[in-house]
Structure formats: structure tokens, C-alpha cells
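Read off the chains here:
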Amino acid sequence: MDKEHPIVEAVFAAKTDSARADGLIRDCLPFIRGQASRFLGRPCTDQDDEYSIAMIAFHEAIQNYSRMRGPFLRYAALTIRSRLIDYHRREKRHKGQISLFAPHDEEDGRTLADTLPEERDRFAEAETREATRREIEELATVLQRFGASFSDIADNCPRQQRTLEACGQAVRYAAAHPDLLEELLRTGRLPLARLAEGSGIARKTLERHRRYLLAMLLIQTNGYEIIRGHLHRVLKRGEEATA
Amino acid sequence: MKYIVLERHPGYVVVLDEEGRFLKAADRQYQVGQQLDAILPMRPPRRRGRAILFPALTAAACLVLLALSAVRMAQMPYASVYMTINPQVRIDVNRRDTVLTVEGTNPDGEVLTEGYEGRGKELEQVMDELTDRAVEMGWLHPGGQITLTLDAEDGDWVAAHSDSLPAHLNEYLDETLQVTIRVDGGETGGQEAAIPVGPPPTAVPTAAPTAAPTAVPTPVPAGDSGYGDSAYGSSETQGDSGYTAATAPPQDSGYGEGDSGYETPAHPEQDSGYDSPEPVEDSGYGDSAYDSE
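Protein chains in written order, with the working numbering: chain A, 502 to 744; chain B, 4 to 296.
Pulled out of the complex, with its shape left as it was, chain B reads as follows (with noise of 0.2 angstroms):
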């Protein structure tokens, strides 16, 4: 795909795509009238449904009392799964696995979700773009290890999901990367089963799991999820929908974790106060901040 630059601002040019698409992206010192292999496209805001409102309302006033309850039982958190790396994300679902929220638990959780929208999407489809997420971002690599905390007062969904999900996730980074899924029953008691995604191809076998798929993982290169184009971001990746229609925001609280001394500064100039401790290169791994259990 070819692009021309149309116009320069601080920050971002307009370009003209092949397709008759016009694109903001980052300026990496270009010129008017240039032509370019590739860019570095912006992320397109989150639509809040603007256009699709007006006429939801009508429809809405038509339907609601027969819809009410059925609305009041989908919009009902009905279980929460934890999944931590390192970044941690708690994704609630109401009783039909769909995904009502999705939210950072630390930190680097944050990080993770941040510009990701999970809400209407099936949960293993959002585990799956958040793993996704976290290899891109550098948090989970081959040998890493994912674990999944269960929450939900209905034991019998705890018990069955505590065996479809890794199995999903073991399936579904078979063909990237090797991790281990570790599963915790959480506040209603479970087992706990390490799933390894399958034997590496020289090393040991790790310890035998009750119930495990037996795929044998063709090698890959570390880190290749698929985003294979050199194009940063572009509106084709999975995790970034952005075009959910009349969605909430996601409940973002920003950091929740009694972070109060934060001060938004009167000059920009100054520091923000944002901690990033962590280096460029650091994947988080080995973080002592990070809660397990």
C-alpha cells in the first residue's frame, strides 16, 4: 500500500491511502506531496455510538418493558476471570460468556487494556486478544506463564470453565508460543492444575496434567503472534475494535491503587509524576510487585 502525504501538523500528517482511505499518522519528518511504503497510522477514537443513538432510543421506548429484565439479567455480572501474566486484567462476564467489562487489576494491567475494548465480545475471543496484547507488549514469552483465577458463586461454572478455558488458551497459542496455564479455583476453592501447552520439542516433557491436549507445537519464532506487518497499529488488529456500537466506556478508574500523590502539574513541562520504574527493555518478568495468589 502507497501513501501520499497530504498535510503536516505538529505531530501528525494526513495521508491518502491506494483505497481512498485518509489516514492520520505519526510525521516522521515528511514532506508534502511525498510517497510512502508504510506508516505509523493513529488509532482511531473510541466511537461511543453517537450516530447509532437517536435511533436506539426510539426502538429502545418501544421495547423496554418486555426487554427490562432480560436486559437486567445480561447486564449482570454473573463471573469474573482473572487472568495474570505479570499484567493482570479481571474480565467480568454475565451468564452467557459475554464479556460485560474489562479491567486492569495493576498496573501494568492497565497498560495492558488500556485502549482495548472487550465489552459484547465473547470471553475466550477477549482472552485470546489479550494474551495476544501481552506478548506484543513484551509480557508473555514462550516458557511464560498465564494464570486464570475463577470467580463465581455458581460452583458448577467454576468447575466447567476451569477446564474449557485453559484448554482454549493451550489451543489457541499452541501454534505461537509455549506457556503454562495454571488455573486457581479463587474464593470458591478449586483444584489446581498446571496445563502445560505441550512437550517442547527436545527438552523433558514437564509433569503429566490430568487433563491436557496433546498437540505437538511446531516451532515459531519467539514473540510472533501474526501482527506481521510493519505497520504500527493498523485498524486490522484484533485487539482494538473501536467500533462497538453504543458502549460504555469501560469502567476506567485510573490508577485506583491509592495512588493519591499524584499532582497534575500547572506547566506541562514539568514531570508528570507517572512512574514507570521499569526500564525499556524490561518485560516485567520477575516483578516482586506482582501478586500471584
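Here chain A stands alone, though its shape is the one from the complex (with noise of 0.2 angstroms):
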């Protein structure tokens, strides 16, 4: 196979550029829908848990592909397979339990969600995530100004928790100075000498997950309330340490 099939460069293009990562995934819907469907042994549909699961691992697929995995279809069938089987198998320990809408009474005609004691409040849960929207589109906005998405911040997450908790206590120093903030607002760079030498975390821990501390510290800016009250494990440590 010495012609390389068009895929494989859209393919490297959308492991950095989460816009051309999304057009690809667009491109390969119904590709990604049949191998759903073919897991299933019927049409998949937007409603199957299924066919999220594939979805997102064809994005795995896309970020493990190299070349020696052989043709990326075949590769991100074989991703897609392998999650859905993965899923299928914890489901499976769940299917003892009884559905919330099986009767609960012969005589009584109410169903057994009927009869829970608690009551989700519908219409403060729509206000709340309203809210919640409102902030979190006013940081993407402040985010784009800086040249970082979400999508980027998550691939720039610190996942060993060591390195999270590190971080952590960098954001704890910055909210706690507010000038530190004032500076990332003012200058549009993030002041990480300042921070480095202020939570004694190394520098070049720091460097690593620039785009990751970018958002956190914004988070510390004015206006970012319900985002910040998420994130109370956080910032509650601190106030337990300088206690």
C-alpha cells in the first residue's frame, strides 16, 4: 500500500485542531453509526448509548493512530468494537435491576417513581444550568482571546493527580492574590514566574499545563460564581492549609 488513502492526513491534521477533528467525525457519521448498528445487530439510533460510545471512540482512535496500526478504518473499527464491548460488559451487571416504572401496586395504579420521597425541582434545575450557561460562554469568549478552547485545555489537563493537586495549590496562591490576576487580565500573559516562586510549585510544571492554569485562574476572575462554587474542593484546601 504505497498511496496513503486521504483519511490518514485528515486524520494527523485532527489530532491538534479540535475544528478539523469535529468535520472528520462529522465525515465519518454514518461510518461510525454502522459500526454501532453492526455491534447492536439493529439501526442505531441518536438516542443509543451506543452510539455515543462509538463516537468517542473514534476520537480515541484519531488520537492513537499512527501509521503502523494499518488502514485507520480498520483501526478505529476495531476502537469502536473493543468500547462497546467494554460497556456492554459493566451494563450487563445492571440489568437485575427493576425499572422505576414498573407498577407498584395491582390496586393502586401508581408506579414505583411515584412512590420515591424525593422530588427534583425541574424548573430550578433549568434556571440553574441557565445560569451556569451564561458563565461558562463568557469564559469560552475571555478563553478565545487567549487563543485556548475547552477542547485544548482538556488535552492540556494534568491527569496524574500529583500533577493536579500541584497545580491546584498554584490556583489557590493566585486567587489569593489578586493583583497576580489582575496582571493575566491586564497583560493577556500568564504571570508564571510569579506563580512559581509564590506556591513553590517547579516552573516547568507549570509551563506544561499553561493552557490548563490559564482557565483556572480566569475561573478566580469576577463573574465565574456557580463555576467557582464546582471547584469548592479546590479552593477549599487552601483555607484549611493557611488555617
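Don't take each hint at face value.
Listed next, the in silico DSBU-like pairs over lysine-lysine satisfying Cα-Cα at most 35 angstroms (straight line) [stated by the list, open to error]:
id: 1; chain 1: A; residue 1: 516; chain 2: B; residue 2: 124
id: 2; chain 1: B; residue 1: 124; chain 2: A; residue 2: 705
id: 3; chain 1: B; residue 1: 5; chain 2: A; residue 2: 516
id: 4; chain 1: A; residue 1: 737; chain 2: B; residue 2: 5
id: 5; chain 1: B; residue 1: 5; chain 2: A; residue 2: 705
id: 6; chain 1: A; residue 1: 593; chain 2: B; residue 2: 5
id: 7; chain 1: A; residue 1: 516; chain 2: A; residue 2: 593
id: 8; chain 1: A; residue 1: 593; chain 2: A; residue 2: 737
Just so you know, the hints here were simulated from the structure itself, not pulled from any lab data. Note that the structure is a prediction, hence the values are computed from the model and not measured.
Dock chain to chain to rebuild the complex, using the hints, since each chain is given by itself in its own frame.
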């Protein structure tokens, strides 16, 4: 196979460019759906979990693909099948549970779901979601000015617990020093030297995760109360340490 | 753990967890701003040790002469362990039982090892992790069998490992499954010993083995290898290190079994040609294409 299939070029571009990745997956949707359907033994719909899993497996295949793995689509098919098998194995364990909508009582006419004491306030949920979404959109806009997207940040996020905690320490330091945050907003650059010195975390570590730190520091600035509330665990630790 | 959905893309979403992790996960028709209790995370791409490459180069330049022979010895395959359940895999190790290569040697084996990084780990750890994977993926059930075939020039190595490996696997599986572990001598010849994990609680004990642990297994729900969380493929999964520094990608030649018939289609809509004759629930048991000897 001397001539390289054009899809390979698209795959390599998609590895680093999330917009290209989105485009590639859109082009390959019929293929992905086909793989999921084949696995299920019936046509796969958007509602099926298997569809979501097949899609994310395709993304994983894009990330992990190298020419040594042979033709890309075959590799993608392999990855999709592997993930679907994993998923089914896990889900099988839950099959013993009864449905919430099973009838509670012959005479009663209620379902089990009706007998649950808790009730979710759907209206409040929708409101919170909307408020959160607004914060997220604002954050995304600011990040874009810095040339970063959430996708990039996810790729740049520390994987090891140890590193995550180190970065958390740097974030807490920044949160306690508003002038540092002001400097970030004013200069448009991450003050890594100050962060390293002040938090005691190695500069190299911070460098490696600069996009992640950028996002986390921005969240400490005005206007992201909900998101900060969500990250209470990261921020709380600092309070205990300084107590 | 709770997650907030930050952004939607075709095929995945970016979420933020309570510990500050930004993750990619499967999109199950979520909305931006929604809070989730569980996700199906995307497995992180295998690192090729890019960040470590430059310092490693400078260090290697200094030590290259001294290290050369030692490195060569450590890299040379000393022995191979073939693990066969239905999938078959080959694990190559060096003198010190450090794994050099993990390769699926039949199509199921390739699925089993897909995404798995074994290089640099201890032999027994890799066998444990692959066994866990096999359970997770439905190839290994209670009452099933794992066959080990050992291949090495060193007869002593074969003899020693014919005892230690089954014993180790027995112990590892003892808590979760009851499987039979068989050892073939392979090329160098060797004894065959059927070593059951232990007598099932109520049934008649199987034939007395020559050297077997006698631990009594505790009954445990089938297939529960301990990956109890509902999050799919979480990054704590033992089988997927993903972070091994400076490792070469596994020697994956794709389907090496004479399947030259695969044509990459011009349009992705067409059939990929990927043949998976097994239906959904099939664990692979009883597959007649499986070569045990």
C-alpha cells in the first residue's frame, strides 16, 4: 500500500485541531453509526448510548492512530468495537435492577417512581443550568481571546493526581493574590514566574499545563461564581492549609 | 463526583469535575451548563513521552557508552509467555521478567490488547491486567480456562515459571473467579498440569493437581473483577497506563493473519470490511477458530 489514503492526512490534522476533528467525525458519522448498528444487530439511533460511545471511541482512535496500525478505518472500527464490548460488560451487571416504572401495586395504579419521596425541582434545575451556561459562555469568550478552547484545555489538563494537586496549589495562590489575576487580565499573559515563586511549584510543571492554569486562573476572576462553587474542593483545601 | 458540561462537539463533550479536571466524555444528549453525576470518559491518548524526550537525549548522550550493553541485554527478549483464553496474546519479557512487548496473536487477542500498554511492567502484573480485561470484556467466566504456553531457550526458566505463573494467577483470581490454568511446555517441551483454583463450594473437587494452592475461594458475583464504578473507562483503570514515559508504540501490525482483502473505502459510508462475525452477547467461548496447541 504505497499510496496513502487521504483520510490519513485528515486524521493527523484532527489530532491537534479540534475543529478538524469535529469535521472529520461529521464526515464519518455514517461509518460510525454503521459500526454501532453492526454491534447492536439493529439500526443504531442517536438516542442509543452505544452511539455516543462509538463516537467517542472514534475520537480516541484519532488520537491514538499511527501508520503502524494499518488502515485508519479498520483501526477505528477495532477501537469502537472494543469500547462497545467494554460498555456492554459493565451494563450487564446492572440488568438485574427493576425499572422505576414498574407498577407499585396492583390496585394502586401508581408506579414505583411515584412512591419515591424525593422530587426534583425541574424548574430550578433549568434555571441553574441556564445561569451556568451564561458563565461558561463568558469564560469561553475570554479564553478565545487568549487563543484557547475548552477542548485544548482538556488535552492540557494534568492527568496524574500529584500534578493536579500541584496545579491546584498554584491556583489557590493566585486566588489569594488578586493583583496577580489583574496582571493576567491586563497583560494577556500568564505570570508563571510569580506563580512558581509564590506557590512553590516547579516552573516546568506549570509551563507544561499553562493552558489549564490559564483557565483555572480566569475562573478566579470576577463573574464565575457558579463555576467556582463547583470547584469548592480545589479552593477549600487552601483555606484549611492557611488556617 | 459531579461534572458540569462546558462544551458540546460532535461525538464528545468537555466537562469539568469538582477537583478541577477538564475531561472529554461521551455526549449523551447533554446540554451546556448541565450538571452530571456520571460520565463516560474518553480514554486519554497514549503519551509518546514527547515532553521527556529532550532531557532524555542529553542524559543518554553522557551515559551511552556505559549503558549500551546493559540496555541491549534488557531489551532482548528472553522468553515469551502465550496467554490463551479465547483471545491469545504473547508477552515477551527480558531476563528480569520485565515486559517488552504485548501483542495479540489472534483477532480477539488484538481486541483484548487494544489500548493496553504493558511495556516496562512486571510480567505478573501484565498477566493480571490482561486477565482483568478478559473478564471485563466477557471472554473469561467462572469455570473458564487460561492456558499458558512458555517459550524460552532456558529450560530452567520454563520450569520455574511453569510453577510460579499459575500459582500467581491462581492467587490473583482466587478472590473473583474460579478458572483452570493450564501450562504447556511449548517448544521446549514441558509438563502439563491442570491446576484448578480451588474446589467450588458445593461441587465435587476436580482432580488433585501436583502443586496447587489450596485456598478456598469465596463466592463472588460473576464477572465482577472490582471495576465497580459506573464510569466507563475511568483513568484509574489498571489495565490502561497510557502514561508510560518514552515508550515506543507496541509492535502493532494490525491484522497480520493473511487478511489482504481489506480495502479502505473511498467513502466512509461504505462498509469498512471489518469482519466481526460474533453477535453482541457472544463471549467467544466455543470459537472453533481458536488454536490451543
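Here is how each hint holds up against the structure:
no. : hint            : result
1   : A:516 <-> B:124 : 28 angstroms, holds
2   : B:124 <-> A:705 : 27 angstroms, holds
3   : B:5 <-> A:516   : 28 angstroms, holds
4   : A:737 <-> B:5   : 16 angstroms, holds
5   : B:5 <-> A:705   : 30 angstroms, holds
6   : A:593 <-> B:5   : 24 angstroms, holds
7   : A:516 <-> A:593 : 33 angstroms, holds
8   : A:593 <-> A:737 : 38 angstroms, violated
The structure is inconsistent with hint 8 alone, although it conforms to all the rest.
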